[in-house]
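Student: Residue numbers (our numbering), protein chains in the order written: chain A, 157 to 675; chain B, 80 to 436; chain C, 170 to 329.
Worth double-checking, as some hints may not be accurate.
Claimed, not checked - Far from chain C, by Cβ distances over 10 Å, these chain A residues were calculated:
no.: 1; residue: G183
no.: 2; residue: H211
no.: 3; residue: A260
no.: 4; residue: D362
no.: 5; residue: R411
no.: 6; residue: T413
no.: 7; residue: E589
To be verified - Calculated lysine-lysine pairs in the DSSO-like style (CA-CA distance at most 27 Å, straight line):
no.: 8; chain 1: C; residue 1: K273; chain 2: A; residue 2: K283
no.: 9; chain 1: C; residue 1: K315; chain 2: A; residue 2: K286
no.: 10; chain 1: A; residue 1: K366; chain 2: C; residue 2: K206
no.: 11; chain 1: C; residue 1: K208; chain 2: A; residue 2: K366
no.: 12; chain 1: A; residue 1: K294; chain 2: C; residue 2: K236
no.: 13; chain 1: C; residue 1: K221; chain 2: A; residue 2: K366
no.: 14; chain 1: A; residue 1: K283; chain 2: C; residue 2: K315
Hints listed in this document are in silico derivations from the structure and should not be mistaken for laboratory results.
This one's a predicted model, so the numbers in the text were calculated from it and none came from an experiment.
We put the CB at the ideal spot given by N, CA and C, even for glycine.
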Amino acid sequence: MVEIFINDRSIKVPEGITVLKAAERAGIHIPHICYHEAFAPEGSCRMCLVEIEGHLCLELACATQVKEGMKVFTETENVRQARQGVLEFLLAEHPMDCPICDKAGECTLQDYYEQYGLFESTFMEQKERKDKNVPLGKGLILDRERCVLCTRCVRFLRDITQTEELGVFERGVYSEIGIFDQRLIDNNYAGNLTELCPVGAITDKDFRFKTRNWFLEKGASICPLCSRGCNIFIEHHPGFARFDVPKRVYRITSRVTSREKDQKEKGYWICDIGRYGYSYMDQDRAEKIVLKQGDSALDPKKAVTYAADQVKKLIYKNKLNRLGVISNTWLTNEELFLVKKIFTENLESQKVFFPTTAQREADDLLLTSDRTPNKKGAQEIGFSLEAISEGQVFDGTELLFVFWASPFDLDQLTGLMSKIKEVQTKILFTPFEREWNKDFDLVIPTAVPAEKAGSFTNEDERIQHFGPVLYSPGQARAEWEWLVSLGKEIKVDFKSYARLSSPFDVFQMMKKKIKFFGK
Amino acid sequence: MIDVLIILVKFVGAIVWFLVLSLYLTWAERKESAVMQDRVGANRANFFGIRVLGLFQPFADAIKMMTKEDFTPEFSKKFLHNLAPFLSFFFVAVTIATIPFGSPIQISGKEIPLQVVDLNVGILFVLAFLALSIYGVILSGWVSNNRWTLLGGLRGSAQLISYEVALGLSLIGIVMVFPSLQFSEIVGFQSEVLFGWLPKWGIFLQPLGFIIFLMAAMAESERVPFDLPEGESEIVGFFTEYGGLKYGLYMFTDFMKVLIISCLLTTLFFGGYHVPWLSAEGFHFPWGGEWLLPYWLVVVFQVIMFNLKVFFFCWLQILVRWTYPRFRYDQLMDFGWKFLIPLSLFNIAATAFFMSL
Amino acid sequence: MFRLFGYFIEIIRGILITARHFIVNMVFHILNLFGIKTKRKGAFTIQYPEQKTEIAERHRSLHRLMKREDGKPRCVACMLCETVCPSECIYIEATEDPDPEIQKYPSTFIIDLSRCCFCGFCVEACPEDAIRMDTGEVEFAQYNRKDMVLDLESLLNEPK
Numbered sequence: 157m158v159e160i161f162i163n164d165r166s167i168k169v170p171e172g173i174t175v176l177k178a179a180e181r182a183g184i185h186i187p188h189i190c191y192h193e194a195f196a197p198e199g200s201c202r203m204c205l206v207e208i209e210g211h212l213c214l215e216l217a218c219a220t221q222v223k224e225g226m227k228v229f230t231e232t233e234n235v236r237q238a239r240q241g242v243l244e245f246l247l248a249e250h251p252m253d254c255p256i257c258d259k260a261g262e263c264t265l266q267d268y269y270e271q272y273g274l275f276e277s278t279f280m281e282q283k284e285r286k287d288k289n290v291p292l293g294k295g296l297i298l299d300r301e302r303c304v305l306c307t308r309c310v311r312f313l314r315d316i317t318q319t320e321e322l323g324v325f326e327r328g329v330y331s332e333i334g335i336f337d338q339r340l341i342d343n344n345y346a347g348n349l350t351e352l353c354p355v356g357a358i359t360d361k362d363f364r365f366k367t368r369n370w371f372l373e374k375g376a377s378i379c380p381l382c383s384r385g386c387n388i389f390i391e392h393h394p395g396f397a398r399f400d401v402p403k404r405v406y407r408i409t410s411r412v413t414s415r416e417k418d419q420k421e422k423g424y425w426i427c428d429i430g431r432y433g434y435s436y437m438d439q440d441r442a443e444k445i446v447l448k449q450g451d452s453a454l455d456p457k458k459a460v461t462y463a464a465d466q467v468k469k470l471i472y473k474n475k476l477n478r479l480g481v482i483s484n485t486w487l488t489n490e491e492l493f494l495v496k497k498i499f500t501e502n503l504e505s506q507k508v509f510f511p512t513t514a515q516r517e518a519d520d521l522l523l524t525s526d527r528t529p530n531k532k533g534a535q536e537i538g539f540s541l542e543a544i545s546e547g548q549v550f551d552g553t554e555l556l557f558v559f560w561a562s563p564f565d566l567d568q569l570t571g572l573m574s575k576i577k578e579v580q581t582k583i584l585f586t587p588f589e590r591e592w593n594k595d596f597d598l599v600i601p602t603a604v605p606a607e608k609a610g611s612f613t614n615e616d617e618r619i620q621h622f623g624p625v626l627y628s629p630g631q632a633r634a635e636w637e638w639l640v641s642l643g644k645e646i647k648v649d650f651k652s653y654a655r656l657s658s659p660f661d662v663f664q665m666m667k668k669k670i671k672f673f674g675k
Numbered sequence: 080m081i082d083v084l085i086i087l088v089k090f091v092g093a094i095v096w097f098l099v100l101s102l103y104l105t106w107a108e109r110k111e112s113a114v115m116q117d118r119v120g121a122n123r124a125n126f127f128g129i130r131v132l133g134l135f136q137p138f139a140d141a142i143k144m145m146t147k148e149d150f151t152p153e154f155s156k157k158f159l160h161n162l163a164p165f166l167s168f169f170f171v172a173v174t175i176a177t178i179p180f181g182s183p184i185q186i187s188g189k190e191i192p193l194q195v196v197d198l199n200v201g202i203l204f205v206l207a208f209l210a211l212s213i214y215g216v217i218l219s220g221w222v223s224n225n226r227w228t229l230l231g232g233l234r235g236s237a238q239l240i241s242y243e244v245a246l247g248l249s250l251i252g253i254v255m256v257f258p259s260l261q262f263s264e265i266v267g268f269q270s271e272v273l274f275g276w277l278p279k280w281g282i283f284l285q286p287l288g289f290i291i292f293l294m295a296a297m298a299e300s301e302r303v304p305f306d307l308p309e310g311e312s313e314i315v316g317f318f319t320e321y322g323g324l325k326y327g328l329y330m331f332t333d334f335m336k337v338l339i340i341s342c343l344l345t346t347l348f349f350g351g352y353h354v355p356w357l358s359a360e361g362f363h364f365p366w367g368g369e370w371l372l373p374y375w376l377v378v379v380f381q382v383i384m385f386n387l388k389v390f391f392f393c394w395l396q397i398l399v400r401w402t403y404p405r406f407r408y409d410q411l412m413d414f415g416w417k418f419l420i421p422l423s424l425f426n427i428a429a430t431a432f433f434m435s436l
Numbered sequence: 170m171f172r173l174f175g176y177f178i179e180i181i182r183g184i185l186i187t188a189r190h191f192i193v194n195m196v197f198h199i200l201n202l203f204g205i206k207t208k209r210k211g212a213f214t215i216q217y218p219e220q221k222t223e224i225a226e227r228h229r230s231l232h233r234l235m236k237r238e239d240g241k242p243r244c245v246a247c248m249l250c251e252t253v254c255p256s257e258c259i260y261i262e263a264t265e266d267p268d269p270e271i272q273k274y275p276s277t278f279i280i281d282l283s284r285c286c287f288c289g290f291c292v293e294a295c296p297e298d299a300i301r302m303d304t305g306e307v308e309f310a311q312y313n314r315k316d317m318v319l320d321l322e323s324l325l326n327e328p329k
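Put together the whole structure using the sequences plus the hints.
Tutor: So, in structure tokens, the structure goes:
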């Protein structure tokens, strides 16, 4: 630990860290463009200049290590002038096409001009024209006019993915970012470049011109597309008063939590599968409870009563062994716990079946081979996923509950459909409107993970809690809501369900019962 | 038989005069308020493109009122709800029967007074029927079965009853100086001349009584500044649950009240149909001049004079209505009970004092 | 009692003012009625459909979208007007233009006049001077709400 003074404020920081990080710890922001926490300091943008007592010239805060008794000043006249100068040079060749730039609103250059610049432009000449629409592969588009040559993208591809597709070509004022010889970027983490770029030089087709980022609201959630469970922001459009927007979710961005900050190669990024795989939240959503026989418009209470009545029939006949459940690992810990509590404990059915999910290729950075979010959770709750085979679950089954929350792996359920059709009564809980929905007696719409609260247990056995970001459409509710009301309605163990009014309550119950969640 | 026919004709004539003038009073009110406020006023209503200063406006209003839905609220008492506006209308309309329009005319030896009925209790009759029109107000407020209209009706009846007292007391002075309750006789007394030149009109004998009567009568007509029962623009009044023609009748009754008050003011305080210095033979000017006229011309002069006086008072009332803001309710009650009534009592005492000299 | 007298004076003064207005205006009305031209009119009002006042230069009237020289909309769909609009009456959808100089143009541009409050913020916010409210058009009442919604086509081809 060394003691340094930033703007005459004494702070104690560990030895060997840079001035910029030390200032960040003290809550003092030093503007920087090329520096990124995940990479080693580059020092090419010169925005982070600070004055250090005893030094002859201004020093780079991102590259200077702290020393005992160092006195740093971040807001002196010299520093401000230096910053203005740097900004003026950066903006001299900047095209100022903020109106059509997707970064506008979250652009570092914009923010710093507002905060530290505010000078009148003295640049009278025609600006340099460069390529404005260079495809980089994977839907990325490079605008060379906007580029400030911070080389964050080059460093990302060099240090993190180690694929080295981008480089800086030419020298001096002709320097430009480019790909080598038509070899387009092709790795699973290319989407991070748009987020990484401090200006709007790299944009992706997926978000390009769709909306402006200040319309979007950020909601913290967990990516459910693989068992890594990356922290994400779901950026969604709350809509306009009079006009419908075409979709709710416009993009997914990475969310850096303090826990992950130390893991440079993992903490700041999300893979392209998670980044661009959000369309399921808005497409083909089931919004209405559909009962095959009888009236199609059903209120939730009636639907639950119908499902509970089917269960009660079996109870009265004492044939509970004819109750089967097809569950899946897209459900949260709480929901899986409720499935276990209702079907295995209360109704004493042993036939809770998890369809085996195909293992896909993993990469060595983030993406895992298991592409469902909560397999670990299901195992910890006490389901042994392979214990029941396909044959057993359909053996003599009269009533079948099917939970199907995955937007992918459609062929798994399709493969089961021929057997499901033979079951007398079958009830489906699904967030999606699919071909097979019409084969079920009762279809209950449910929420996707972005619309519900709960927790997933990821591959590293970490319990990740998340809250709802979006409203579920129509009559759709989260599975735990349906399960709690079903548990109440079956009336085998009414008391314990009556207390449950949120996933938090369920989790408290889980904590007591299952040691893994109690720790 | 012929007497009944004559009375019938006179009644029809009087009521037509009354209604048509009331109808055009709505036009006059719009125009006068507009001119006062530097505007033009209603001038768009036309008949095949002929506008004539918007003189067709009352008809347009009437057509609008008639073609509107005759809405009776579900929760009201249907029969009484329909009855109330007509009751109000009727009690005001009949009062015109006692007003004298001119000297009696002679047709084939028969003397016909230009007055529908010459009751010997004319003043009491008019006061009584004006008082009865309170029934329309309180009835409509009550049968609408709406608590706000009920409050409006109560406000209205309280106000009308309060000012009824001042109205009656202010007339006692007139009855004292012109010892009769019969309109024709009161008008007759006013044909005389004071000091050889001043017409012996009620206003000169009863100036205080005139002011009290004017104010109390305007309160009776329920118009600004005394329009608390209705308060069209802000407070909910007794005819909130009325629409279309029935609502129109209430508004129309207001204008009829304005007209009947003008008639009363003319008859009681401004010499009725008398033209100054005009007797049955012609003018006898106080400076000695004479201008003899045939009797029929005298009657025509008198009828025109009566109408002019009535128009003047209508004009004055509209002027007042578009000049002053509304009273607060407690101010209204204070004004009635603590100012007008003591003042009218004082007026009676003073009149008695002067008469006993 | 003395105060009451003061009130009374004011009341009389009030009615004298209104009566004066009535009489003076009436004189001019009558003069005009008989065809006598006077400098002063009886009323200050303007008889609107027949008689129209001049619209001031900076008056905010119906919107229009400006065109480039080649007829394309000048708008680049930056959605700043949509953002600043306090009544949320503008809706824009952007599309990619093959021309790299333009890049972005509006495929949909809707202004809902039934919601617009004519504050002119959209004109202030526009970085391209693409939207203006200078058509001088103020009579755009319609019989149904649908006709109050203007699309890109009609905004581009506004008169003036």
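Student: Are all beta-carbon distances from H211(A) to chain C longer than 10 Å?
Tutor: holds (42 Å)
Student: Hey, K221(C) versus K366(A), does the alpha-carbon distance stay inside 27 Å?
Tutor: violated (45 Å)
Student: Tell me if the straight-line CA distance from K315(C) to K286(A) falls inside 27 Å.
Tutor: violated (45 Å)
Student: K273(C) and K283(A) were given as a pair; does the straight-line alpha-carbon distance stay at or below 27 Å?
Tutor: Since the Cα atoms of K273(C) and K283(A) sit roughly 20 Å apart, the hinted pair holds (cutoff 27 Å).
Student: May I ask you to check that R411(A) keeps its beta-carbon over 10 Å from the closest beta-carbon of chain C?
Tutor: holds (25 Å)
Student: Measuring Cβ to Cβ, find out whether D362(A) lies farther than 10 Å from everything in chain C.
Tutor: holds (13 Å)
Student: Could you check that no beta carbon of chain C comes within 10 Å of the beta carbon of T413(A)?
Tutor: holds (30 Å)
Student: Between K208(C) and K366(A), is the straight-line Cα distance small enough, at 27 Å or below?
Tutor: violated (62 Å)
Student: What's the verdict on K366(A) and K206(C), does the C-alpha distance respect the 27 Å limit or exceed it?
Tutor: violated (65 Å)
Student: Report holds if the minimum CB distance from E589(A) to chain C is greater than 10 Å, and violated otherwise.
Tutor: It holds; E589(A) is separated from chain C by about 25 Å at its closest Cβ, greater than 10 Å.
Student: Given the hint that K294(A) pairs with K236(C), does the C-alpha gap stay at or below 27 Å?
Tutor: violated (35 Å)
Student: Hey, is A260(A) genuinely clear of chain C, shortest beta carbon separation above 10 Å?
Tutor: violated (8 Å)
Hints 3, 9, 10, 11, 12, 13 and 14, counting from the list given before, are not met by this structure.
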